[in-house]
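Novice: Based on the provided sequences and hints, a complete structural model is requested.
This is what each chain is made of:
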Amino acid sequence: MTSGYKDLSITVEFRGGAELLFEKKKNELNLPGDEEWTLRRLLFWIRDNLLKDRPELFLLGDTVRPGILVLVNDEDWELLGQGEYKLKPRDTVLFISTLHGG
Amino acid sequence: MPVPCSAKCGKNATLKRPKTGDALCKECFFWAFEMEVHNTIVNAKLFQRGNKVAIAASGGKDSTVLAYVLKLLNERYDYGLDLFLLSVDEGITGYRDDSLQTVKQNKIDYEMPLKILSYEELYGWTMDAIVAQVGRKNNCTFCGVFRRQALDRGAALLGVDCVVTGHNADDIAETVLMNVLRGDIARLQRCTSIITAGADSIMRCKPLKYTYEKEIVMYAYFKRLVYFSTECIFAPNAYRGHARMFLKDLEKIRPSSIMDIIHSGERLSVRDGIKMPERRNCTRCGFVSSQEICKACVLLEGLNRGLPRLGIGKSNKAKLLLAATTEDRGKKKTVDF
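For the protein sequence lines, the chains are A and B, in the order given.
Our numbering puts the first residue of the first sequence at 1, with every later residue one more than the last.
Our numbering puts the first residue of the second sequence at 1001, with every later residue one more than the last.
The hints are simulated quantities; they were obtained by calculation from the structure and are not laboratory data.
Positions of the beta carbon are idealized from the N, C-alpha and C atoms, including for glycine.
Please note that the accuracy of each hint is not assured.
What the hints assert, rightly or not - Here are the simulated EDC-like pairs of lysine to aspartate or glutamate, each with C-alpha atoms no more than 20 Å apart in a straight line:
1. B/LYS1011 <-> A/GLU75
2. B/LYS1052 <-> B/ASP1152
3. B/LYS1071 <-> B/GLU1036
4. B/LYS1223 <-> A/GLU56
5. B/LYS1252 <-> A/ASP34
6. B/LYS1252 <-> A/GLU78
Stated by the list, open to error - The calculated label-pair distances, taken between Cβ atoms and stated as ranges, are:
7. A/THR11 <-> B/ILE1274: 22 to 28 Å
8. A/LYS88 <-> B/GLN1105: 20 to 26 Å
9. A/GLY61 <-> B/ASP1184: 31 to 37 Å
Specialist: Dropping the structure here:
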């Protein structure tokens, strides 16, 4: 490895109906440390590696579909710079859909 | 870099409130959330001491949070309310049967009596059976019309003074948009009212009217409230879906859009001389209706006569048909569609 980054172990969870788009509700991931991992990069990685089908229900453009909340270690990603946030080892990223009836 | 709580409590913020843009810690958020619902209840004079109040409970996020918060506020501010849970079982296998389990859990967690009314016992038809008859195009019309009446009947059975529903700010804004898009002036005028009631029907109100969906979901998450979050298996309701996505896109650019749309709806008044449907009682079942025969009775008649499209679309045609059958009851006559 020459990039200077280490592999990154994080947890990704889906709730509030978002889990229906994925195989598993809770995913322990080990991401290759080839370059820096931002939340935005993670979103695309999730789309390409975890999403079963209908990517438009998760991603729109380069961010999550409006109505899906994102929390990193129980903190609103809107306080963390959203897609710009740099992931740290053992971060837990949670996606909660608000789009289901009630 | 942690962001400090805007309430200056010294803790770090956990979320950004869409309504105000404030960054709040968990505790200050809970306080603000509960305080705002309390203020809505007090300012709109929704309840009186000793009232019996039924919470329309679906097992979803909104009604679960509503039940939790009402119980909490009832105790904290001593409203003196008698709270009940009222659920409707539409008879949708794989959806309502699961969500009713959540409501049954709410009953235990919140120590409130629960009444469940089913479409099958009220109308003789489950939604599963209706969908088998009418297909998946207009089924939401049946479900919506029947649910509204089912809640009224449940409320009458429980003898409550008021039914509260979990409609949130996003729902209201969405409904304002929908009514504009459909040109439904009568509904546009009343859809933002926090209290709706006919002369002899039980009052309904929406204590979460000014509460953003994002905050409801965050509140449920941080309070670890259990709710059911599967979309109804019959509900592709595309038109509403577009309105919803449009609203969510607007919210992303300017979070106050939701409150602004509600405000526009509240301030809007229809000028004199515009003909509005008058409120009356259905001549068949006696429930409040804008027509001689209410929509629920028309739809039910259609189902029972094997003409499920009766009552969908133009109401004149249905009226003529119903009149024809009322006159010719007992006689054999073919009705041409």
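Novice: Now tell me if each hint is right for this structure.
Specialist: Here's how the hints hold up against the structure:
For the given pair, B/LYS1011 sits about 13 Å from A/GLU75 by alpha-carbon distance, which is consistent with the 20 Å threshold. Pair hint B/LYS1052 plus B/ASP1152 holds up; C-alpha atoms about 14 Å apart against a cutoff of 20 Å. Distance check on the hinted pair: B/LYS1071 and B/GLU1036 sit about 15 Å apart at the alpha-carbon level, within 20 Å; holds. Straight-line distance between C-alpha atoms of B/LYS1223 and A/GLU56 comes to about 30 Å, which puts the hinted pair past the 20 Å bound.
Taken as a hint, the B/LYS1252 and A/ASP34 pair is broken in the structure, with Cα atoms around 32 Å apart against an allowance of 20 Å. Using a Cα cut-off of 20 Å, the hinted pair B/LYS1252 and A/GLU78 holds, with the two alpha carbons roughly 11 Å apart. Range check, A/THR11 to B/ILE1274: about 57 Å between beta-carbon atoms, so the 22 to 28 Å window is missed. Between A/LYS88 and B/GLN1105 the C-beta distance comes to about 36 Å, which lies outside the given range of 20 to 26 Å.
In this structure, A/GLY61 and B/ASP1184 meet the distance hint of 31 to 37 Å, their C-beta atoms being roughly 33 Å apart.
Going down the numbered hints, you'll see the structure goes against 4, 5, 7, 8, while the others check out.
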